[in-house]
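Number of protein chains: 2
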Amino acid sequence: MQKIGLIPLALPFLLAATGAPAAPPSLTEVPAGRAAPESGVAALREAALKDDIAMDIVEGLTTEVGPRPAATAQEAKAREWAVAKLKSLGFSNVHIEPYSMPAWVRGEETASLISPFPQKLAITALGNSGATGKKGLQAEVVYFPTIADLQAVPDGSLKGKIAFVSHAMKPTQDGSSYGEYGTARFAGPGIAARKGAAAIVIKSIGTDHHRVPHTGVTDFPKGVTPIPAAALSVPDAEQLERVFSRGQPVTLSLLLTPRFNGTQQSGNVIAEVPGSDPSAGIIMVTGHLDSWDLGTGAIDDASGVAIITAAAKRVMDAGTPRRTIRVMLAGAEEVGGFGGDAYYEAHKNELHVLTSESDFGADRIWRVDFKFPAEAKPVSDRIAAALAPLGIGAGKQPAGGGADNEKFVKAGIGTIDLQQDGTRYFDLHHTADDTIDKIDPEQLRQNVAAWTTMLTIAANARENLKEK
Amino acid sequence: MQKIGLIPLALPFLLAATGAPAAPPSLTEVPAGRAAPESGVAALREAALKDDIAMDIVEGLTTEVGPRPAATAQEAKAREWAVAKLKSLGFSNVHIEPYSMPAWVRGEETASLISPFPQKLAITALGNSGATGKKGLQAEVVYFPTIADLQAVPDGSLKGKIAFVSHAMKPTQDGSSYGEYGTARFAGPGIAARKGAAAIVIKSIGTDHHRVPHTGVTDFPKGVTPIPAAALSVPDAEQLERVFSRGQPVTLSLLLTPRFNGTQQSGNVIAEVPGSDPSAGIIMVTGHLDSWDLGTGAIDDASGVAIITAAAKRVMDAGTPRRTIRVMLAGAEEVGGFGGDAYYEAHKNELHVLTSESDFGADRIWRVDFKFPAEAKPVSDRIAAALAPLGIGAGKQPAGGGADNEKFVKAGIGTIDLQQDGTRYFDLHHTADDTIDKIDPEQLRQNVAAWTTMLTIAANARENLKEK
Chain E
1 MQKIGLIPLA LPFLLAATGA PAAPPSLTEV PAGRAAPESG VAALREAALK
51 DDIAMDIVEG LTTEVGPRPA ATAQEAKARE WAVAKLKSLG FSNVHIEPYS
101 MPAWVRGEET ASLISPFPQK LAITALGNSG ATGKKGLQAE VVYFPTIADL
151 QAVPDGSLKG KIAFVSHAMK PTQDGSSYGE YGTARFAGPG IAARKGAAAI
201 VIKSIGTDHH RVPHTGVTDF PKGVTPIPAA ALSVPDAEQL ERVFSRGQPV
251 TLSLLLTPRF NGTQQSGNVI AEVPGSDPSA GIIMVTGHLD SWDLGTGAID
301 DASGVAIITA AAKRVMDAGT PRRTIRVMLA GAEEVGGFGG DAYYEAHKNE
351 LHVLTSESDF GADRIWRVDF KFPAEAKPVS DRIAAALAPL GIGAGKQPAG
401 GGADNEKFVK AGIGTIDLQQ DGTRYFDLHH TADDTIDKID PEQLRQNVAA
451 WTTMLTIAAN ARENLKEK
Chain W
1 MQKIGLIPLA LPFLLAATGA PAAPPSLTEV PAGRAAPESG VAALREAALK
51 DDIAMDIVEG LTTEVGPRPA ATAQEAKARE WAVAKLKSLG FSNVHIEPYS
101 MPAWVRGEET ASLISPFPQK LAITALGNSG ATGKKGLQAE VVYFPTIADL
151 QAVPDGSLKG KIAFVSHAMK PTQDGSSYGE YGTARFAGPG IAARKGAAAI
201 VIKSIGTDHH RVPHTGVTDF PKGVTPIPAA ALSVPDAEQL ERVFSRGQPV
251 TLSLLLTPRF NGTQQSGNVI AEVPGSDPSA GIIMVTGHLD SWDLGTGAID
301 DASGVAIITA AAKRVMDAGT PRRTIRVMLA GAEEVGGFGG DAYYEAHKNE
351 LHVLTSESDF GADRIWRVDF KFPAEAKPVS DRIAAALAPL GIGAGKQPAG
401 GGADNEKFVK AGIGTIDLQQ DGTRYFDLHH TADDTIDKID PEQLRQNVAA
451 WTTMLTIAAN ARENLKEK
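Heads up: the sequence lines are chains E and W, in that order. Just so you know, we're using my numbering here: the first sequence kicks off at 1 and counts up by one. Just so you know, we're using my numbering here: the second sequence kicks off at 1 and counts up by one.
Hints were generated in silico from the structure; no laboratory data involved. Glycine is no exception: its CB is placed at the ideal position from the N, C-alpha and C atoms. You may find that some hints are simply not true.
To be verified - To list a few chain W residues with every Cβ distance to chain E over 10 angstroms, as calculated:
#, residue
1, Met55
2, Gly223
3, Arg367
4, Ala403
Unchecked claim - With a cut-off of at most 27 angstroms between alpha-carbon atoms, the simulated DSSO-like pairs for lysine-lysine come out as follows:
#, chain 1, residue 1, chain 2, residue 2
5, W, Lys120, E, Lys77
6, W, Lys407, W, Lys348
7, W, Lys120, W, Lys77
8, W, Lys77, E, Lys120
9, W, Lys134, E, Lys120
10, W, Lys407, W, Lys466
11, E, Lys120, E, Lys170
12, W, Lys135, W, Lys161
13, E, Lys377, E, Lys407
14, E, Lys410, E, Lys466
15, E, Lys371, E, Lys407
16, W, Lys396, W, Lys377
17, W, Lys159, E, Lys134
18, W, Lys77, W, Lys134
19, E, Lys120, W, Lys120
20, W, Lys134, E, Lys134
21, W, Lys87, W, Lys348
22, E, Lys377, E, Lys396
23, W, Lys120, W, Lys134
24, E, Lys135, W, Lys134
25, W, Lys134, W, Lys161
26, W, Lys348, W, Lys466
27, E, Lys134, W, Lys135
28, E, Lys348, E, Lys371
29, W, Lys134, W, Lys159
30, W, Lys371, W, Lys396
31, E, Lys135, E, Lys87
32, E, Lys135, W, Lys170
33, W, Lys120, E, Lys135
34, W, Lys135, E, Lys120
35, W, Lys371, W, Lys407
36, W, Lys348, W, Lys170
37, W, Lys159, W, Lys135
Construct the entire structure; sequences and hints are all you get.
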């Protein structure tokens with residue numbers, strides 16, 4: 001929206017590109033005779049702290065489309081919505097890239113403790129779960145405090161039983177507890193099936209205490225027939241633990257009727273800010289359009305879609321960048337990264353020089369990680385310096401990307417991770433509670449400011465961003 | 001559990017009872033030749049800050065019984081559970097006092113926005129709601145930002161429409177916002193029915209932002225046929241407001257199949273700490289055993305049941321008090337105070353000198369209010385002084401009691417309100433989220449300490465506690 005000229009910014013980049021890597025410019029030291037290298041960036045960054053584009057996108061997508069599960073009519077509606085929005089914002093080359101995939105759809109889902117203390121429990125099926133049949137399933141429950149306890153019992157030993165797997169996940173700023181405790185969801189159902197279990201219920205992979213269970217995809221290994229697999233809300237799982245503490249046999253009734261709805265269409269939405277120098281390569285930024293069906297996918301990932309779109313729009317409005325910025329709004333991330341894979345297959349031979357993903361909510365960015373060629377070190381230094389006023393420190397480990405750019409990361413393409421604060425993320429992740437009211441507008445704006453800063457520098461840098 | 005003799009406590013009470021009201025004793029000034037009047041109380045109070053009886057009761061009732069809606073088998077199970085618990089704690093005269101009442105039971109409940117933006121909404125029927133029939137109801141929605149806006153339209157003008165009533169309730173420490181904004185629930189359905197509406201949905205009378213709608217009873221005036229009446233969760237109601245902001249016609253599909261299940265049995269559970277002086281009258285303390293069906297009724301009102309029981313147990317274990325303390329665990333509070341009314345009718349001719357209710361969660365007590373005869377002023381002064389170390393100030397308005405002692409309050413019986421902090425109460429009230437994990441054990445113990453303090457002084461006071 002604001003038009004801020006890039007001329008004072010471009011000059012030092014040109015000078016720096018002439019030979020040996022330039023010393024990283026500082027925000028305070030300005031060499032005599034040169035314009036302050038980051039002065040244009042600073043103005044864009046400060047303007048982005050007043051951004052209203054991102055919240056408008058989140059509001060529109062979550063209100064006018066709402067839940068948008070992969071390979072459904074709602075996800076198709078999200079693509080149409082996004083195309084219209086991106087065109088109205090002035091992006092170029094806005095289009096849908098469709099692909100086909102198997103569609104898993106939720107059915108009925110209820111659970112009741114039958115004995116010793118009859119009461120209803122809040123439950124939701126995991127993505128790819130098998131079904132109980134319409135009459136449901138009633139069986140004795142075997143309690144495993146951790147996934148390791150489930151792994152320890154012999155194959156076939158749980159015949160006719162429902163496995164209940166708990167865990168002790170706590171919030172972490174970097175989200176690292178998800179990998180550790182998430183195993184109960186990612187792999188637990190497959191393990192329980194191998195042990196002969198009739199079904200599995202897990203404590204939701206979440207850190208909240210609300211009666212809103214967390215769904216999410218699970219993977220059954222090849223050759224293992226899917227069993228009904230579901231997550232109890234954290235309070236319900238704790239209730240079941242208390243029930244088990246009485247030492248009496250525990251029986252659960254479970255009704256889960258999800259199904260695979262054949263092969264359906266999904267797709268990615270692409271938009272571009274065309275760069276002035278096609279030989280400088282493409283910067284691909286991504287978030288995902290699909291969401292789980294329980295909430296409206298505000299933090300997962302309407303906010304990512306909104307942040308990258310708002311930032312790209314701000315860079316576009318500031319003048320033509322050197323590199324093309326390609327906004328890739330992925331489909332079907334939640335159920336296995338189908339959109340990211342389809343994009344990679346279709347575009348891997350184009351000159352991508354940098355990718356970055358926003359898919360960890362809407363809370364503030366606290367750290368930036370890079371995976372860059374050595375010769376691009378001045379660029380990462382300039383980016384880190386320009387992010388510092390936003391309270392963002394530079395990390396020491398290499399950027400790892402996310403589900404929708406991981407194949408580029410593995411292929412050695414430069415990557416930047418603008419790490420969001422994940423302390424609250426797993427309170428809401430994959431639940432009915434993932435709604436717009438959970439977004440703090442100020443933190444969302446800080447994200448837009450960080451992305452605007454990063455993209456401005458990366459898209460205009462004269463340095464090479466790719467190993468030769 | 002601790003045995004703390006009451007002799008040093010009783011002596012000044014005896015002296016104080018001889019004629020003119022004594023000056024309120026202070027915790028610091030001890031008249032020469034007398035034991036410190038509150039020294040026994042102070043020790044009981046401090047011991048109660050380490051209480052584990054109350055949490056044990058909440059844990060047992062919410063785990064082993066769980067939800068206990070009025071006039072259901074679950075509520076009957078709660079009575080049996082309470083009788084066993086009260087007997088095991090050593091109370092006297094433990095028994096059930098049954099009564100009959102109409103039983104309203106929840107059925108299926110779903111809601112979907114049909115147009116302009118199809119999506120599911122989280123909804124729950126209000127107590128006494130009518131039903132849509134098994135095929136549900138689909139109709140245009142008319143939005144009323146406040147209950148006053150609904151009241152303003154002509155009778156009959158909403159024929160065939162669904163009324164949607166919102167509000168702007170915010171948390172208050174004293175819970176006073178419930179009365180103001182709660183009108184949308186208490187009276188809204190009756191008003192909507194008069195206006196001709198086919199159904200009504202309201203924004204939950206709650207202050208949280210979770211997808212857990214708040215139920216609660218509504219009253220249809222005599223002669224008004226009940227219509228389907230339900231509450232959307234706060235995020236869902238806000239979503240509907242955003243949808244209305246687009247200016248397009250809004251259609252909702254509603255399925256609500258609650259019904260009245262005829263006349264069923266409910267009952268109160270009574271237990272006593274017998275006093276040494278029957279002429280000194282009864283102190284009746286009350287909380288309610290029933291709960292809404294959506295959660296396990298941990299804060300509403302297992303905690304009240306637990307607090308008064310734990311405090312009475314502590315007073316009992318300290319020695320026989322002068323007055324009988326009667327613990328009255330009411331049935332059917334949620335649906336209209338049937339238990340409190342039945343108790344009043346059965347016992348109104350007994351000499352009650354003081355009643356007090358705990359039914360506002362488990363957070364700390366911050367204020368004490370009294371409604372006492374003038375001659376008992378020294379007693380209220382001593383209670384206020386002994387509560388001060390717990391961070392409890394004395395209020396200036398008279399105590400008003402609650403649903404289960406209100407007829408005694410109206411009849412002029414002395415009343416003490418130990419006011420709990422209600423700031424979080426309406427985040428959880430009448431929702432699936434009312435579970436034990438929401439209770440802060442330290443604040444629950446402060447409640448027990450305050451009640452133990454109040455009961456010790458009131459049950460042993462030599463002053464008359466009733467107008468003559």
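Taking the numbered hints from earlier one at a time, note which ones the structure violates and give those numbers from smallest to largest. 7, 17, 18, 31, 32, 36
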